[in-house]
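*Asks:* Sequence order for the protein chains is Y and P. For the first sequence, the numbering used here gives the first residue as 1, with consecutive numbering after it. For the second sequence, the numbering used here gives the first residue as 1, with consecutive numbering after it.
Any given hint could turn out to be false.
Covered, in the sense of this in silico footprint (three residues per stretch, anywhere, with C-beta under 8 angstroms from a C-beta of chain Y), are these stretches of chain P [as the list claims (entries may be wrong)]:
1) 58-65
2) 84-96
Just a few of them, taken from the derived set where beta-carbon distance is under 10 angstroms, the chain Y residues facing chain P [what the hints assert, rightly or not]:
3) G27
4) M32
5) T49
6) R52
7) G94
8) S95
9) I98
10) N100
11) G102
12) V139
13) G177
14) R179
15) R213
16) V215
17) S219
No wet-lab data here; the hints were simulated from the structure. Built from N, CA and C at the ideal position, the CB exists for glycine as well.
What follows is the residue order along each chain.
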Amino acid sequence: MEFLAATTLSDALAAKREQPEAVPLMGGTDVMVELNFDRRRPPALLDLTGVRELDEWSMDGDVVRLGAGVTYTRVIEELGQALPGLAMASRTVGSPQIRNRGTVGGNLGAASPAGDSHPPLLAAGAKIELASVTGTRTVSIDDFYTGVKSHAGRPDELITAVLVRSARGPQQFSKIGTRNAMVIAVSSFGLALHPDVKRVRTGIGSAAPTPRRAVEAESFLSSALEEHDLWETRAALADSLVREFGERVKAAARPIDDVRGTAAYRLHSLAVMARRTLGWAWADYAGGTA
Amino acid sequence: MRVTTTVNGERYDVDDVWEGESLLYMLRERMGLPGSKNACEQGECGSCTVYLDGLPVCACLVAAGQAGGRQVTTVEGLGSAEDLHPVQQAFIAAGAVQCGFCTPGLIVQTHDLLRRDPHPDDAEIREALAGNLCRCTGYEKILDAVRLAAETMSAAPVDDPSGAAS
Ligand SMILES: Cc1cc2nc3c(=O)[nH]c(=O)nc-3n(C[C@H](O)[C@H](O)[C@H](O)COP(=O)(O)OP(=O)(O)OC[C@H]3O[C@@H](n4cnc5c(N)ncnc54)[C@H](O)[C@@H]3O)c2cc1C
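One chain only, chain Y, in its complex shape:
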């Protein structure tokens, strides 16, 4: 096995071009488990922790450019205002040690349906920046997840950043597991209100082959809010509306039974999380705090 330690992005991209089968290594919290348990023996590891460009975040107007190597701990400490949904989800990841090391880019690279950054990024409408020696492109988060643990990046590309508009309205995240720490989601749900464009967006985790939005539920809710002038009046939501939203979120999921939970429980819990997160987010919005 080779150990390639890149110190600049251009070196890293050149290495990936030359050896597309080299496995990118950031926090290692997914990759090292596979190595330690002999589940994987790649011909090369491409260490990206020395690449400064990946380790930074910046604001471009109202868009956060979050380098792929920014850890959960930093998202929590530095981006709670701009990216509240992602920060909430980050707080639920693993343990302090895992959050000090694990990165959002690594979560996207692994593209597990259970990854906690996916629902908030779907709900926020993020874009993923992919780079290779031939250039940089961005892919909408809606098109990023292509199958179980696979994504739209090519073998010669690296994930370099996540582009997310700073929150214009309340965002929420909810996750079901057996304890508060160290839990892979049984199911999870992210919700973001976008009052500036009068839209609601969602993200479902651990309840389909890939993370996905509940698109039909979003349109249903967005139309109902618009029709009743609720974005302007900020009046309380009818119980029937909230329930119907929960049912439609549930209808968007395609869960399976596995060691962490049954498909039936996942469906049930999604409807509950959808109702609750909508309730919390709307209470925030009605309170005018956001």
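Position chain P with the ligand against the provided structure of chain Y, taking the given hints into account.
*Replies:* Just chain P with the ligand now, kept in the frame of chain Y:
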């Protein structure tokens, strides 16, 4: 491959490191530093917690090569048998050590907690130690030890050898 790294303030050149091995393996098997314990090898138990450039991480999930050019502080770097750190003393005084396997990781993690927050409440202690498992289930004594360490350390502050202050 060769890895050049600084552990507990001392520079090491370690040869014949396998490219896929962990920092934990390198510390224990190649550098004679067995304080960090090898238990789950998947980041679940926290027994191998060390500081890497001032942040506590699971050494089993850091590739040895990733420690190249960086600063590592292990439990051995926090205190010695002759000169125990107040966190170590508190674990003994509170009876928080049973089989001892989880202790090094808890010491490092507690050290980090008290450095960031000298007066944590119980919820903060539990949150900080959520990634450290004790299979003797001595958690109550461990909480006592953290509270005791917080008291003694605020009465008599000590130097911080973790490298985080810089
Ligand atoms: C104990 C434990 C608890 C955990 N708890 C959670 C949890 O609660 N929620 C959760 O979502 N996850 C959890 N995880 C999984 C893991 O921590 C996350 O997926 C994390 O985000 C991975 O980030 P990393 O930087 O460590 O990735 P790495 O392990 O370095 O990489 C992960 C994958 O992404 C690829 N990759 C890395 N960087 C790039 C890049 N720039 N471009 C392209 N591909 C890249 C790698 O090749 C690999 O396939 C847990 C893991 C452990 C060990």
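*Asks:* Which hint numbers doesn't this structure obey?
*Replies:* 2, 6, 12, 13, 15, 16, 17
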